[in-house]
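*Asks:* Sequence:
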Amino acid sequence: MNTGPVAKEDVAGPVAVQADRDTADLADQLLAGLRAADPGLVLIFGAAGEGLGKLGNDLRTSLHPGCVICGCSSAGEIGPYGYSTGSVVAIGFPRRSFRASAVTLRNLATLPVSDWMAALRRMHAGFAPDPARSQFGLLLVDGVSGQEDALVSTIEAALPAVPVLGGSAGDGLDFRHTTLLTDGEVVSNAAIFLLVETDLAISEVSFAHFSPTETRAVVTAAIPDKRRIVELNAEPAAEEYARITGLARQDLTPTEFARHPLLLRMGRRHHVRAISELTEDGGLSLMSSIDAGTVLTLGRSDDMTQGFAEVLEALPRPPLLVLGFDCILRRLALERAGLMETMSEMFTRYRVAGFNTYGEQHSGMHVNQTFVGMAFMPPATDSEAHDAA
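Letter by letter, the sequence shown follows residues 98 to 486 in the numbering used here.
No false leads were slipped in.
Label-pair ranges, simulated between beta-carbon atoms: (1) G183 with A206: 26 to 32 angstroms; (2) P228 with E336: 54 to 60 angstroms; (3) G269 with A411: 31 to 37 angstroms; (4) D348 with R313: 17 to 23 angstroms.
Hints are computed from structural coordinates only; laboratory data are not their basis. Here a beta-carbon is modelled for each residue, glycine too, at the ideal position from N, C-alpha and C.
Work the whole structure out from these sequences, hints included.
*Replies:* Pasting the structure below:
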């Protein structure tokens with residue numbers, strides 16, 4: 098069992114702990130690190146199915162009765178020493194600095210948007226946020242539901258003033274079935290939304306290792322509910338994608354899809370619309386929504402490590418912890434490039450903990466091949482606040 102860095106005595110920062118998933122005393126190993134934090138919120142990443150439910154119940158009986166415990170299965174974990182697999186990572190958020198409430202948004206397949214919005218607004222009203230503290234939302238969602246785009250749009254409409262980030266639960270590399278935990282119940286075809294407030298300083302972190310090229314393509318035919326491009330530039334999608342990337346049709350593999358993503362511009366930023374596979378009819382299946390008429394830009398891979406370090410170095414103060422949602426496609430790309438150890442060392446240096454996802458949510462969007470996180474830092478000192486003013 099590994100414990101993450103402990104914050105200064107006068108600042109109650111989050112604590113990350115980790116243990117092997119199959120160890121017989123899993124809950125005890127995690128509790129050994131969590132109890133000292135006296136958490137009001139615990140997030141569990143890596144356990145799946147009934148194992149996730151049992152672990153949640155074991156933790157619940159040993160922690161403060163009001164502690165909110167949520168979690169999900171993953172495609173890999175980020176613990177106190179970087180990337181890992183076959184483990185469980187638990188992050189404890191101390192009661193003295195954090196308050197949280199959770200709501201389950203069910204029946205993703207039928208999109209009961211009105212019910213979701215009503216539940217979110219009731220939750221926010223009952224939470225009664227403290228204006229003197231920072232507030233944000235966390236979203237954990239079934240990663241094979243295909244409904245993340247509608248979900249994040251609903252949350253954005255219901256709670257427009259709340260910054261929201263999160264990740265889609267994973268299933269290793271199988272992409273078949275994911276599970277989530279909330280209020281002692283294991284669920285699928287659902288999402289968990291947590292409203293959190295803290296007296297720590299917070300800052301969103303987002304990094305995608307791609308930049309746009311000059312090559313663009315128009316989606317001229319699509320099947321939005323299946324996240325499928327049928328035509329690009331009025332040509333069969335796979336053939337046109339091969340042409341604009343300079344690849345042969347037979348070379349269109351997941352590796353090449355990851356190296357040559359399609360980007361969607363929103364405002365001043367480009368977001369990845371990752372390709373998951375070719376369809377039998379020559380189309381392209383994506384991991385995010387797509388509509389006919391969308392203009393996409395071909396992406397170019399940039400440095401995956403230096404750019405990430407620069408983003409974290411730009412934080413106002415060194416983080417006590419960064420809660421991270423990191424796309425499994427980024428992890429696979431780092432593995433192919435021989436940079437897993439380098440990134441793991443960087444995660445340790447900047448105190449990153451979280452899991453590898455099937456997609457990430459931030460700024461009202463569902464994206465792919467992106468690292469999304471929330472950095473927790475000590476509050477600004479009086480002198481820092483004066484200098485900022």
